[in-house]
Amino acid sequence: MRLKLKVWRQKDQLDSGRLVDYQMDNISEDSSFLEMLDLLNESLVEKGDEPIAFDHDCREGICGMCSLTINGIPHGPEKLTTACQLHMRSFKNGETITIEPFRSKPFKITKDLIVDRSAFDKIIEAGGFISVRTGSAPDGNAIPISKSDSDYAMDAAACIGCAACVAACKNSSAMLFTSAKISQLNSLPQGKPEKDRRLLSMVSEMDRSGFGNCTNYGECHAVCPKGISVDFIANLNRDYAKASVKNLLKTIG
Amino acid sequence: MNLNAKIPEGPIENKWENHKFRIKLVNPSNRRKYNVIIVGSGLAGASAAATLGELGYNVKCFCYQDSPRRAHSIAAQGGINAAKNYQNDGDSVHRLFYDTIKGGDFRSREANVHRLAELSVNIIDQCVAQGVPFAREYGGLLANRSFGGAQVSRTFYARGQTGQQLLLGAYSALSKQISTGQVQMYTRHEMLDLVLVDDHAKGIITRNLISGEIDAWSADAVILATGGYSNVFFLSTNATGCNVTASYRAYKKGAGFANPCYTQIHPTCIPQSGGHQSKLTLMSESLRNDGRVWVPLNKNDCQSDPRSISDENRDYYLERKYPSFGNLAPRDISSRSAKEVCDEGRGVGPGNRGVYLDFADAISRHGENTIAEKYGNLFDMYERITGENAYKRPMRIYPAPHYTMGGLWVDYNLMSTIPGCFVMGEANFSDHGANRLGASALMQGLADGYFVLPYTLANYLAEVGANKPDPEGEQFKTAKKSVNDQTKKLLSINGNRTVRSFHIELGQIMWNKCGMARNEKGLTEAISQISSLREQFWSDVKVTGKDSDLNQELERAGRVVDFLEFGELLCRDALNRKESCGGHFREEYQSHEGEAERDDENFSHASVWEYKGEKETPIKHKEELEFNVVKPSVRSYK
Amino acid sequence: MEQISPFKRLIASSLGKKYLMALTGFVLVGFVIAHMLGNIQIFLGPEAINTYASKLQNLPIAIKWGFRLFLLTAVAIHVWTAVLLTIENKQARPNNYADEKTVQASYASRTMPITGLIVLCFIIFHILHYTAQVIFDYKDLHYDLNGEHMHDVYSMMVLGFSHWWVSIFYIIAMGLLCMHLSHGISSMFQSMGWSNEKWRGVLKITAILIGAVLFIGFSSIPVAIMMGMIKPIIGH
Numbered sequence: 018m019r020l021k022l023k024v025w026r027q028k029d030q031l032d033s034g035r036l037v038d039y040q041m042d043n044i045s046e047d048s049s050f051l052e053m054l055d056l057l058n059e060s061l062v063e064k065g066d067e068p069i070a071f072d073h074d075c076r077e078g079i080c081g082m083c084s085l086t087i088n089g090i091p092h093g094p095e096k097l098t099t100a101c102q103l104h105m106r107s108f109k110n111g112e113t114i115t116i117e118p119f120r121s122k123p124f125k126i127t128k129d130l131i132v133d134r135s136a137f138d139k140i141i142e143a144g145g146f147i148s149v150r151t152g153s154a155p156d157g158n159a160i161p162i163s164k165s166d167s168d169y170a171m172d173a174a175a176c177i178g179c180a181a182c183v184a185a186c187k188n189s190s191a192m193l194f195t196s197a198k199i200s201q202l203n204s205l206p207q208g209k210p211e212k213d214r215r216l217l218s219m220v221s222e223m224d225r226s227g228f229g230n231c232t233n234y235g236e237c238h239a240v241c242p243k244g245i246s247v248d249f250i251a252n253l254n255r256d257y258a259k260a261s262v263k264n265l266l267k268t269i270g
Numbered sequence: 042m043n044l045n046a047k048i049p050e051g052p053i054e055n056k057w058e059n060h061k062f063r064i065k066l067v068n069p070s071n072r073r074k075y076n077v078i079i080v081g082s083g084l085a086g087a088s089a090a091a092t093l094g095e096l097g098y099n100v101k102c103f104c105y106q107d108s109p110r111r112a113h114s115i116a117a118q119g120g121i122n123a124a125k126n127y128q129n130d131g132d133s134v135h136r137l138f139y140d141t142i143k144g145g146d147f148r149s150r151e152a153n154v155h156r157l158a159e160l161s162v163n164i165i166d167q168c169v170a171q172g173v174p175f176a177r178e179y180g181g182l183l184a185n186r187s188f189g190g191a192q193v194s195r196t197f198y199a200r201g202q203t204g205q206q207l208l209l210g211a212y213s214a215l216s217k218q219i220s221t222g223q224v225q226m227y228t229r230h231e232m233l234d235l236v237l238v239d240d241h242a243k244g245i246i247t248r249n250l251i252s253g254e255i256d257a258w259s260a261d262a263v264i265l266a267t268g269g270y271s272n273v274f275f276l277s278t279n280a281t282g283c284n285v286t287a288s289y290r291a292y293k294k295g296a297g298f299a300n301p302c303y304t305q306i307h308p309t310c311i312p313q314s315g316g317h318q319s320k321l322t323l324m325s326e327s328l329r330n331d332g333r334v335w336v337p338l339n340k341n342d343c344q345s346d347p348r349s350i351s352d353e354n355r356d357y358y359l360e361r362k363y364p365s366f367g368n369l370a371p372r373d374i375s376s377r378s379a380k381e382v383c384d385e386g387r388g389v390g391p392g393n394r395g396v397y398l399d400f401a402d403a404i405s406r407h408g409e410n411t412i413a414e415k416y417g418n419l420f421d422m423y424e425r426i427t428g429e430n431a432y433k434r435p436m437r438i439y440p441a442p443h444y445t446m447g448g449l450w451v452d453y454n455l456m457s458t459i460p461g462c463f464v465m466g467e468a469n470f471s472d473h474g475a476n477r478l479g480a481s482a483l484m485q486g487l488a489d490g491y492f493v494l495p496y497t498l499a500n501y502l503a504e505v506g507a508n509k510p511d512p513e514g515e516q517f518k519t520a521k522k523s524v525n526d527q528t529k530k531l532l533s534i535n536g537n538r539t540v541r542s543f544h545i546e547l548g549q550i551m552w553n554k555c556g557m558a559r560n561e562k563g564l565t566e567a568i569s570q571i572s573s574l575r576e577q578f579w580s581d582v583k584v585t586g587k588d589s590d591l592n593q594e595l596e597r598a599g600r601v602v603d604f605l606e607f608g609e610l611l612c613r614d615a616l617n618r619k620e621s622c623g624g625h626f627r628e629e630y631q632s633h634e635g636e637a638e639r640d641d642e643n644f645s646h647a648s649v650w651e652y653k654g655e656k657e658t659p660i661k662h663k664e665e666l667e668f669n670v671v672k673p674s675v676r677s678y679k
Numbered sequence: 212m213e214q215i216s217p218f219k220r221l222i223a224s225s226l227g228k229k230y231l232m233a234l235t236g237f238v239l240v241g242f243v244i245a246h247m248l249g250n251i252q253i254f255l256g257p258e259a260i261n262t263y264a265s266k267l268q269n270l271p272i273a274i275k276w277g278f279r280l281f282l283l284t285a286v287a288i289h290v291w292t293a294v295l296l297t298i299e300n301k302q303a304r305p306n307n308y309a310d311e312k313t314v315q316a317s318y319a320s321r322t323m324p325i326t327g328l329i330v331l332c333f334i335i336f337h338i339l340h341y342t343a344q345v346i347f348d349y350k351d352l353h354y355d356l357n358g359e360h361m362h363d364v365y366s367m368m369v370l371g372f373s374h375w376w377v378s379i380f381y382i383i384a385m386g387l388l389c390m391h392l393s394h395g396i397s398s399m400f401q402s403m404g405w406s407n408e409k410w411r412g413v414l415k416i417t418a419i420l421i422g423a424v425l426f427i428g429f430s431s432i433p434v435a436i437m438m439g440m441i442k443p444i445i446g447h
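Residue numbers (my numbering), protein chains in the order written: chain X, 18 to 270; chain L, 42 to 679; chain B, 212 to 447.
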């Protein structure tokens, strides 16, 4: 295959960045998108240029490290597929491909296509856990959990934290990520004792980070490589309202 | 080199219990006086950091990824073993212990393995309490599946993402400790050296991967949880960033490296499609529960449509050779059998390096929906990568390097031969012997991190007392300088070849001569080839960019430097071990039927290598293995 | 975190703003539906619509003004929150994509601020036009029914829509309003958390249907007047 690439190059956080054109020839349809970038980088190094910096690690669609916006869509054109699992057979010979980093105010661009997604870790630190001291847990079968509840929690837990939801949202909202973690933990009996505390605190951390507001576009779900449903957002909306009202009544009472 | 394993006295069932009682404790109000460094944030690293932080120690945790949640433990698909016997099928701690010892081809340490089997049950409880959504039955109880190398159903799983869910559990516990300030997390930091003060591990040197800064960190103890070294083969199922640097630097500072030749080649990976390939993708071994492995009986059928080949013209070679375990034969055996049939010229797919994993029977028995529910994500992944639909035609699979049983030598307390340097998870050598059973890696990582190290570390700390050195001290300055020197040297060579090209070449040498089957001639050649490749590297490598910046070429170069030395050590160990056991198969040592032949008389020991300097050959030490409970026998899965 | 009052915290949060949008949206949608049902009575002739209007006008002053204030407040909150959301959302992505694509978000959902703004302008005009009557003077239009003296709303509408530009502006504004609602109504349910995978599709279709019915209902009036299907009362 023959391709024209327009790749975002940015030296560091302070640089303003620009799209740079590259020409690629002889790309196998069976190679993955990142392998195509590997080859481009090899040729850049051979010429003595700096290769394009991009994040990647497991290359099997689970670590959530890869973070490319390909032709305007986070992770590219294939549904339920991370950029690392995207293969060149999804593109046409002669096509021009634009590659940009995930863009959002809390995700500062570190270099080229690499962004800082630590704001996600901060949201989890605010309450994305069940407090259980090591060794103090009861038997795993002590609390039966219905298959449907456990499946629901698993659906939510499938999030890989890649932040494509934020990158795709016109408002850079982190609601899909936040609501998925909250829904997973809050739907399980183990998570109930900290339910309200968890969601109030995680939402305020999310707001504090500078993510935008959810206005129900649904772009997040559409690009999510794990197909996380916006039901979790609805679920969070409902529970947050309940928790806030409860909290309000407590202070009045 | 002192290889006293410090195995506690008493019957095997009571060793850990007795040990926990006898070892020293650090009283809760004193814990804050101690500082601990943990390198790596996978299952072992994150669980240990969370637990130690919760106990009140000051913990600094380092990882090279942008978040602790991304460590490669996340990629484990199939499950985690535990001797819960929830299925009432005759499982017990003793059976898990026995299976693991046998699966490891009698090359692991009995006491460690028994402890692992005991702790397996606690892990499940802990993870359930953390909100890990393990699969459940309609009655609400935990579900299990069976896995290679076992005849009971003891594997707990969370769809095809067990590793991810367990890691997220540990990561959430870690996050809680980060939020309280008890753990300080340093992401995008790579450990480049271990620092010893008075022969004790007291700190590390890291490179900040964003700014390029080289920093020194001191502590009372250093814990390495830095994973395995499968990437020495270049193409493996490991994440592209996985590396041996931390372990290798510790080895160079005096930690013994045990059994580097024990590498596991996983039988169910997607075959390579071309030279552009950067990594291989694993398909969970659980697929073998329902898939049947076969190749055409006749070479001529290899390139024809598999669906057109009639049953009598297919060779279900695992079912034929191992009737009682069949498609669930352990990994090393399955992998080697695949290689055998491909060597016979009966392989399928590009380059005839592949075998079929066929779901047609399972689909006609249970229906496509049931199969989709069990393995849907794997089938989807297979289609994304190969463009083929595995519901309609058999998958093609081929073995790939996946896990490394070898690692830094540790005693029963998980301490390496350097006092104060502890090693957990895949980075150590302790529990899997010469071959790891499926669904046991997650178990070991979490057992080490949650339940073993927090006790044994306290014992060490209580013995040496709080004594964190100044990170500006002499030893730290020297270590920093040597790290800086290497960086400068790499950037100054400005030769003609990329780092990646060296890594690929190293990988080819390793895979061809030290892969699934090894022999004396190949290994000897490999050693000299690697050594000349290394020389070429240092004269002809081209690393672009600066050191004071995010520079992925430089990161890769540093890792390849260590792989280039380590690969030689691996081959040396493989050459030295004149027997076949588990993942280590020496062609000279096999039965008439082609089965591995162990030599218990001469090789019932862990080979522990001591670094002697750049130009010197490392020295091998032995830790003799004692089998008091399970008598080594021929490992038969027929 | 603990010092902020729970109320402030709720209102200031991104979700609090969603609730405000949804709840005020709910009130306004209700009003718009009722308003349309009232207006189309014009097709029943002057008697029907004038009686209906006079009933409303003769409500006790506290109720009438209470209701008006309530609506105005809802509009004010809806607008103010929208302004805040728009500003914050713009700030959340300071640098746009060079190549930006939309995978699934509807056109209506992406144009909420602009359709909202135009509709707001229309509402102001509409109130000035028919309620405050400062654009044209309709104070002298009277209608007598069985001796009861009342304002002739029928004629006011006929006269009002006899200006082609008024009608066109009205129809365009109704089009935009209904587009606004086609996202707004389903979004409202999602924001309150009264939505899930099963219902989402139904809600979306319902929202579009409501939007379409409202559009047809409202714009049928100026269309009918312009086409002469609704005729002025003889003598006026």
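Hints were generated in silico from the structure; no laboratory data involved. Misleading hints may appear alongside valid ones.
Computed list of lysine-lysine pairs in DSSO-like fashion (alpha-carbon distance at most 27 Å, straight line) [claimed, not checked]:
#, chain 1, residue 1, chain 2, residue 2
1, B, 312, X, 259
2, B, 301, X, 187
3, X, 64, L, 530
4, B, 312, X, 109
5, L, 661, X, 28
6, X, 139, B, 415
7, L, 529, X, 28
8, B, 312, X, 212
9, L, 679, L, 663
10, X, 263, B, 219
11, X, 122, B, 409
12, L, 529, X, 64
13, B, 409, X, 212
14, B, 409, X, 164
15, B, 312, X, 267
16, X, 122, B, 219
17, B, 415, X, 96
18, L, 587, X, 23
19, L, 74, X, 28
20, X, 122, X, 164
21, X, 28, L, 530
22, X, 96, X, 187
23, X, 23, L, 672
24, X, 187, B, 442
25, B, 219, X, 96
26, B, 301, X, 125
Here are some of the chain X residues that sit facing chain L, going by a computed Cβ distance under 10 Å [as the list claims (entries may be wrong)]:
#, residue
27, 78
28, 102
29, 161
30, 170
31, 198
All values derive from a computational prediction rather than experimental measurement. C-beta: ideal position from N, C-alpha, C; glycine also.
Exercise. Is residue 409(B) within 27 Å of residue 164(X), Cα to Cα?
Worked result: Measuring from Cα to Cα gives roughly 19 Å; hence the hint holds.
For this session: Using Cβ atoms only, decide whether residue 78(X) comes closer than 10 Å to chain L, and label the hint accordingly.
Result: holds, 7 Å
Exercise. Taken at face value, is the distance from the CA of residue 109(X) to the CA of residue 312(B) at most 27 Å?
Worked result: Status holds; Cα separation ~18 Å.
Exercise. Keeping to a limit of 27 Å between CA atoms, is the pair of residue 312(B) and residue 212(X) held or broken?
Worked result: violated, 37 Å
Exercise. Is it true that the CA of residue 312(B) sits at most 27 Å from the CA of residue 267(X)?
Worked result: The hint is violated at about 46 Å.
Exercise. At a threshold of 10 Å, is the proposed contact between residue 161(X) and chain L supported by beta-carbon distances?
Worked result: Constraint on residue 161(X) satisfied, holds at 3 Å.
For this session: For the pair we were handed, residue 415(B) and residue 96(X), check the Cα-Cα distance against 27 Å.
Result: Holds - the C-alpha atoms of residue 96(X) and residue 415(B) are around 22 Å apart, at most 27 Å.
For this session: Starting from residue 122(X), check that the Cα of residue 164(X) is at most 27 Å away, please.
Result: This hinted pair is violated, its Cα atoms lying about 39 Å apart.
Exercise. Under the criterion that the straight-line Cα-Cα distance not exceed 27 Å, is the pair residue 28(X), residue 530(L) satisfied?
Worked result: holds, 23 Å
Exercise. Going straight from one Cα to the other, do residue 661(L) and residue 28(X) come out at no more than 27 Å?
Worked result: Violated, at about 48 Å.
For this session: For the pair we were handed, residue 122(X) and residue 409(B), check the Cα-Cα distance against 27 Å.
Result: It is violated: about 34 Å lies between the C-alpha atoms, which goes past 27 Å.
Problem set entry | Given hint residue 259(X) paired with residue 312(B) - CA-CA distance at most 27 Å | The hint is violated at about 36 Å.
When each numbered hint is compared with the structure, violations occur for hints 1, 5, 6, 8, 9, 11, 15, 19, 20, 23, 24 and 25.
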